[in-house]
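Chemist: Here the protein sequences line up with chains A and B, keeping their order. For the first sequence, the working numbering begins at 1 and goes up steadily by one. For the second sequence, the working numbering begins at 141 and goes up steadily by one.
Calculated directly from the structure, the hints in this document are not laboratory data. All C-beta atoms, glycine included, are put in the ideal place defined by N, C-alpha and C. Some hints could be false.
To be verified - The following label-pair restraints were derived from C-beta to C-beta distances:
hint, chain 1, residue 1, chain 2, residue 2, range
1, A, S35, B, T181, 31 to 39 Å
2, B, I193, A, L56, 17 to 25 Å
3, A, S123, B, G254, 30 to 38 Å
4, B, T177, A, A46, 21 to 29 Å
5, B, D198, A, T111, 15 to 23 Å
6, A, G113, B, K209, 32 to 40 Å
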Amino acid sequence: MFRSCLLGLLGGVLATSACGSNTTTSPTVEPASTSEVWSSTLTVGASKFYSFTVPLAGTVSVQMKQLTQNGAATTEQVTLGLGSPRGIDCAVSGSVVAGASDSVLLSGQQTSGVYCIRIWDNSQLSKTTAFSVTINHPKQ
Amino acid sequence: MKRLAVFGLFVCVAAGAGCQSETTQPDYSIVSPVTETFQGTLNQQGAVFYSFIVGNPDPVSVTLASLTKSSGTAVTTSVRLGFGIPAGETCSTTTALTTASGLQAQVLQVASPGVYCVIISDTGALTEPLNFAIKIKHS
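Here chain A stands alone, though its shape is the one from the complex (with noise of 0.2 Å):
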C-alpha cells in the first residue's frame, strides 16, 4: 500500500512538471520611432487626408505644430482624427477639435499596418489655412 502511494504520489509530481508553463515575462520594449511631417493647407469646410505605413506595433501619436492664414499664427481650430484609408476618405477612429500645439493630440497603441491623418474645418474657419502636422510611429 505505501508502495502505491509513493508510486501515486511520483506520478503526480512528474505529471505536474510535464505540463509546467515555459513562458516568461520580458519587459516590453518600445522600438525606435520615426516622424512624418505633412504640410498642406484647408479651405474653409474642407477636409484633406494622409497615409502613412506603421510598420511595427508600437505608439502612434500626432501633433499640430502649425497653424497660420496669410503666414501669421491663427486661434482659429481644425478637428484631427486618426484612422485608416478607406475608399476615396480615412475612416476616423478617433478625433479632437485642437489649435496649434506642441501637445500631443491624438496618441494610441497600434498594429502594424496602413493608417492616415484626416484634418477638417468643422466651420470653424474663416479662411484658408495653413498647417503641419507632426506623426510620429514605429520605424523598421
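Mind docking chain B on chain A? Use the hints.
Modeler: Okay, now just chain B, sitting in the frame of chain A:
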C-alpha cells in the same frame, strides 16, 4: 503487484490526459471574394484613388470597366491605372499601366492582407472630364 501495475497505468493515463497538446486545426473556411466598385469623375490632368482592405492573400483583380463622357457616351481614351498602397496624399503604386476600359481585368496582383489602393489618372489624353467605373475584386 497486479494492483500496483493497474494503479501505475491509471496514473500514466491521467498524467497524459492532463498534458493534452494543443493542435492547430487546418482552416477550411471558404472566403468569398468581394467586388467593390469605385466610381467617379476624372478631370483633365487629374488623379483620384480608392482604398480597400484585403483580408486574405488571394489575387486582386482591377478592371477599368467603363469610361464615358458626361453624356454617357463610351470613349476609347486611355488612362493610367495603378495598384499600390496609400501613402501621403496619394496612392503609391507598385503596378501601373496605361489602358482603355475593357471587360477583362487590366491589373492582377497577389496581395497579402492589408490596406491597398487603386488610382486612376490622366496621362494627358483627356480633352474633357470623364466618368469612370472600376471593379476591384479581392478576398
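Chemist: List, from low to high, the hint numbers that the structure doesn't satisfy.
Modeler: Failing hints: none at all.
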